[in-house]
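Number of protein chains: 2
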Amino acid sequence: MATIVCPPHFSPVVDAESIKKACQGWGTDEKTIISILGHRNLFQRKLIRQAYQEIYHEDLIHQLKSELSGDFEKNICYLQRAICLWVLDPPERDAHLANLALQKPGLDYKVLVEIACMRSPEDLLAARRAYRCLYKRSLEEDLASRTTGDIRKLLVAMATAYKYDGEEVDEVLAQSEASILHDEIRGNAVDHEETISVLSTRSSVQLSAIFNSYKDIYGRSITKDLLKHPTNEYLSALRAAIRCIKNPNRYYAKVLRNAINTVGTDEDALTRVIVTRAEKDLKKITELYRKRNNVSLDQAIAKETSGDYKTFLLALLGHAEI
Amino acid sequence: MATIVCPPHFSPVVDAESIKKACQGWGTDEKTIISILGHRNLFQRKLIRQAYQEIYHEDLIHQLKSELSGDFEKNICYLQRAICLWVLDPPERDAHLANLALQKPGLDYKVLVEIACMRSPEDLLAARRAYRCLYKRSLEEDLASRTTGDIRKLLVAMATAYKYDGEEVDEVLAQSEASILHDEIRGNAVDHEETISVLSTRSSVQLSAIFNSYKDIYGRSITKDLLKHPTNEYLSALRAAIRCIKNPNRYYAKVLRNAINTVGTDEDALTRVIVTRAEKDLKKITELYRKRNNVSLDQAIAKETSGDYKTFLLALLGHAEI
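Residue numbers (my numbering), protein chains in the order written: chain G, 143 to 464; chain D, 143 to 464.
Chain G extracted, bound-state conformation (with noise of 0.2 angstroms):
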């Protein structure tokens, strides 16, 4: 269930002109911003689009970047990183993110394994569509350039995969397929090439039907037998990846956990998290959370951030101010 709270009744013009004073004269007026666009949903926020490009013949996003980037001030350019990310398509979103993942430095594996892994085989065939025309290349061509060995595997088969979605099990299948696993990650295969095979084409009810057969068979997750292999970064995608198709809700919930129990706080994973789930599982995620750490993801992040960048985040977690 989604957080965020929308006035049911708007209009694209009126909010389209509110955040163009809001950005001109001297200073930006981010409150104004965050009142309007923390407070509409993905359809709202297009029409705002629309209207902004039509009346004033600039993107909205070229705006708000330039408006929110011309202060140092280290909260402003989280704002800013999180309302751009907010208004574009979610598409254009997730391959935004999976582009910038790709581009720094070690590469940031898990924010691949999380679009690759979690979104509906529609969504991500999306994400790669709006990759190819903003990037000029295909989502795993940039994969493939930019990895090597078995990540490179890992990734770009789960990146590639245009999976089955319907809700058909064959719990025979199901336990031989455990087995296969079982064999290549506690027989220590010199590769894992079954293992990312089944989980790049499996749907996902069947593999989740895998995992449990795994469990059932072999009396321990998969996910803790994984744990047994001295960590490496491969290891750790695979890892990830098992645990975001398992339960993707206890997967961000523990993404968001480590981002704010950071020693400074890690903004980037906090605003994707935040951003990517306000309006899908975002409440279910909150609710993880707080059964999980004793405190809720409101106060955890009233506590760890400041300003308007806080205010944005709480704004999208359902602070009402519509």
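Errors might be hidden in some of the hints.
No distinction is drawn between identical chains; accordingly, a pair holds when it is met within one copy or between any pair of copies.
[To be verified] Think about it this way: if two alpha-carbon atoms lie no more than 30 angstroms apart in a straight line, the pair counts; the simulated BS3-like pairs of lysine-lysine are:
{"id": "1", "residue 1": "K452", "residue 2": "K188"}
{"id": "2", "residue 1": "K366", "residue 2": "K188"}
{"id": "3", "residue 1": "K278", "residue 2": "K357"}
For the record, the hints were derived by calculation from the structure and aren't laboratory data.
Chain G is fixed; fit chain D onto it per the hints.
Only chain D this time, still in chain G's reference frame:
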């Protein structure tokens, strides 16, 4: 360029009724069916199928399948398969061809290579979508579970690609990747990891540049170099994939030549190429065929086939009788 000849004006209802009439009574009037469907383009066939469904509450494909298969004569069987393939929407047709290829004992990998390497990115995606709808599994899922080893890596990677299809070429990159391909192919590497990665992610025009660079630098084409290996199924598939990308028309002309020259004629291959290319580039393919074989494709087909099946193929090749 297409070969089929279609009337500019037609009535889907009259056509549907004529086909129904041809199917009724003692025996089927194949000639009427061919004279209609052999001269209708994709859009016209779609409308006829719709009209047929609305008037008779039955899928035209099912009707044709049952009517044209009552006879045990081989030629009727070829005709039935050809007409049904022709009436299917191209994405459904590709999904059906891929599924058939996967079910053949020993796997008809060349059909899979054809579909994966020669469809446009959007057409390949449409075929994958149709496959999911028809078979309740993803194409890559079936590919992965019915193949193993290197051929699996190649086929899955090619079939899951959603390539960038712009015209930009990076010549420097082309040269460096030509050298990577050469190292793997001529150096007898244990696997072709980089080669498969390059083939399945780079755009068609970029791959052409890579193959050109290969020839410029090493003085031999990549396909010639692949011939120096002892032949196995994977290497033939790899070579087929490269030939498909390098020159699709020449590849198809060769498939037709093999289909016609093989003892007993390979009707499946003949039908597949004629049906899938008749509205695309069959004119170009027939020109190449004549140049290479000193006989026109029409003459060769007329010699090797017979009856209504021959009439239908020749109709798709443009023998008028509207």
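Hint check results:
no. : hint        : in the structure
1   : K452 x K188 : within (24 angstroms within a copy, 56 angstroms between copies)
2   : K366 x K188 : neither (43 angstroms within a copy, 53 angstroms between copies)
3   : K278 x K357 : between (43 angstroms within a copy, 26 angstroms between copies)
Of the hints listed earlier, the one the structure fails to meet is number 2.
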